[in-house]
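Asks: Below, each chain spelled out in residue letters.
Protein chains: 2
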Amino acid sequence: MPGMTAYAGFYEVCSPKKGETVYVSAASGAVGQLVGQFAKLSGCYVVGSAGTKEKVDLLKNKFCFDEAFNYKDEPDLDAALKRYFPEGIDIYFDNVGGKMLDAVLLNMRMNGRIAACGMISQYNLEQPEGVHNLMSLIMNQVHLKGFLVFNYYNLYGKFLETVLPAIKEGKITYVEDVAEGLEGAPAALIGLFAGNNVGKQVVVVSRE
Amino acid sequence: MPGMTAYAGFYEVCSPKKGETVYVSAASGAVGQLVGQFAKLSGCYVVGSAGTKEKVDLLKNKFCFDEAFNYKDEPDLDAALKRYFPEGIDIYFDNVGGKMLDAVLLNMRMNGRIAACGMISQYNLEQPEGVHNLMSLIMNQVHLKGFLVFNYYNLYGKFLETVLPAIKEGKITYVEDVAEGLEGAPAALIGLFAGNNVGKQVVVVSRE
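Heads up: the sequence lines are chains A and B, in that order.
Residue 149 in the UniProt record's numbering is what sits at position 149 of the first sequence, and the numbering runs on without skipping anything.
Residue 169 in the UniProt record's numbering is what sits at position 169 of the second sequence, and the numbering runs on without skipping anything.
Hints listed in this document are in silico derivations from the structure and should not be mistaken for laboratory results.
Hints are not guaranteed to be accurate.
[What the hints assert, rightly or not] Ranges between beta-carbon positions, derived for each pair: (1) B/Tyr-123 x A/Leu-125: 25 to 35 angstroms; (2) A/Leu-160 x B/Met-110: 50 to 60 angstroms; (3) B/Lys-18 x A/Glu-126: 39 to 49 angstroms; (4) A/Glu-74 x B/Arg-207: 36 to 46 angstroms; (5) B/Asp-78 x A/Asp-73: 35 to 45 angstroms; (6) B/Ala-194 x A/Asp-73: 42 to 52 angstroms; (7) A/Glu-74 x B/Glu-169: 29 to 39 angstroms; (8) B/Tyr-123 x A/Glu-126: 29 to 39 angstroms; (9) A/Met-139 x B/Leu-164: 29 to 39 angstroms; (10) B/Glu-126 x A/Phe-193: 47 to 57 angstroms; (11) B/Val-204 x A/Met-139: 23 to 33 angstroms; (12) B/Tyr-123 x A/Glu-183: 26 to 36 angstroms; (13) B/Gln-127 x A/Asp-57: 30 to 40 angstroms.
Glycine included, every Cβ here is placed at the ideal spot set by N, Cα and C.
Let the hints inform the model, and build the full structure from the sequences given.
Replies: Given below as structure tokens:
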């Protein structure tokens with residue numbers, strides 16, 4: 001499912017073109033790591049953000065993002081994005097929502113596209129944070145599309161055709177986060193919201 | 001320009017289908033009044049909101065909206081929208097942004113479309129209001145597109161082909177708000193933000 005989500009969200013919702021600039025939040029997550037690799041395969045410049053130094057290293061060294069940064073080290077997200085995208089962002093693949101989306105809106109280029117895939121920063125808030133910079137959608141004619149993977153299963157054949165050879169050739173790789181035993185599941189679930197996992201959080205109930 | 005804005009925003013950005021439900025804010029404005037009439041021509045159910053009783057009457061009686069309401073009389077915008085759209089909104093043509101957009105987000109239907117045309121409620125605020133309900137974009141797979149009319153002038157021929165006969169046949173009408181004399185211009189400009197105008201605010205400098 002993360003693979004199809006990344007595939008449908010990036011190729012169908014974002015319509016990438018060679019040379020475009022792509023930003024991915026929660027980029028070491030199961031979806032984000034694939035989006036970044038699809039962006040590289042499409043000839044885009046791609047920057048990812050994550051919440052630990054280890055994840056940032058993974059983005060740069062294992063997943064071959066052009067740049068990556070730890071958003072927790074950035075007191076000013078707008079300034080951070082301007083540093084990595086001095087000419088702005090064509091495509092934002094949003095996994096987090098909230099303040100990050102607000103900062104990205106200040107940095108979108110004309111005719112940019114935002115795929116709203118998840119808003120994990122908001123799920124546990126009683127009242128979601130306000131997003132203030134939506135005027136940028138008008139000024140830059142940005143297309144913001146929320147999507148659910150369930151609507152795109154007709155693409156499953158194309159997805160396999162693209163991804164399976166790329167995995168065999170080593171052009172796409174992935175990392176999963178495996179918790180051993182059902183007794184580890186609650187901690188793993190809580191860990192998702194603390195950003196502890198790297199890639200898809202899987203619970204192995206039994207190896208038998 | 002309002003005509004082209006309404007035309008491009010409604011037909012190109014919103015892709016209306018017969019029988020869909022359409023909501024227009026600032027509906028007695030120069031753009032809104034045309035969007036509502038285009039929606040009727042397309043076989044849609046259309047509701048508009050405005051800020052005075054006179055404007056609401058105009059929407060219902062002159063522009064033939066199915067329903068119209070005064071948003072200033074509604075302490076709970078979400079409840080008002082649920083009253084007019086018990087099954088939700090397919091298309092929202094947004095001229096105001098802010099709290100209205102937030103309430104609409106709670107009422108969008110699956111695969112709905114929002115054309116972000118203007119955010120007049122926000123222009124004079126030092127800090128724009130926060131929009132909190134963007135998760136709805138994901139849950140309902142909504143497409144939100146900011147647009148500027150300048151990008152759609154290639155449609156000018158099609159626009160004239162659609163609109164001129166409809167005006168001649170009396171299927172489309174419009175109202176302008178004329179201020180006489182250049183000395184009336186500052187008050188007319190301020191009036192825009194107080195919602196005093198009905199339709200396009202025009203200043204007639206001289207009748208000679």
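Asks: Confirm or reject each hint.
Replies: Going down the list of hints, with the structure as the test:
Separation of B/Tyr-123 from A/Leu-125 is about 28 angstroms and conforms to the stated range, judged on CB atoms against 25 to 35 angstroms. At roughly 27 angstroms, the beta-carbon separation of A/Leu-160 and B/Met-110 lies outside the given 50 to 60 angstroms, and the hint is violated. Distance hint check for B/Lys-18 and A/Glu-126: the Cβ-Cβ separation is about 41 angstroms, which falls inside the suggested range of 39 to 49 angstroms. Against the hinted window of 36 to 46 angstroms, the Cβ-Cβ separation of A/Glu-74 and B/Arg-207 comes to about 59 angstroms, which falls outside the hint.
For the pair B/Asp-78 and A/Asp-73, the supplied restraint of 35 to 45 angstroms holds, since their beta-carbon distance comes to about 39 angstroms. Distance hint check: the CB atoms of B/Ala-194 and A/Asp-73 are about 46 angstroms apart, consistent with the given range 42 to 52 angstroms. Checked against the given bound of 29 to 39 angstroms, the beta carbons of A/Glu-74 and B/Glu-169, roughly 59 angstroms apart, lie outside it. In this structure, B/Tyr-123 and A/Glu-126 meet the distance hint of 29 to 39 angstroms, their C-beta atoms being roughly 30 angstroms apart.
Between A/Met-139 and B/Leu-164 the CB atoms are about 31 angstroms apart, so this pair conforms to the stated range of 29 to 39 angstroms. About 33 angstroms separates the C-beta atoms of B/Glu-126 and A/Phe-193, a value inconsistent with the hinted range of 47 to 57 angstroms. Between B/Val-204 and A/Met-139, the C-beta spacing of about 30 angstroms keeps the proposed range 23 to 33 angstroms intact. The hinted range of 26 to 36 angstroms is not satisfied by B/Tyr-123 and A/Glu-183, whose Cβ atoms lie roughly 56 angstroms apart.
Checked against the given bound of 30 to 40 angstroms, the beta carbons of B/Gln-127 and A/Asp-57, roughly 37 angstroms apart, stay inside it.
Of the hints listed earlier, those the structure fails to meet are numbers 2, 4, 7, 10 and 12, in rising order.
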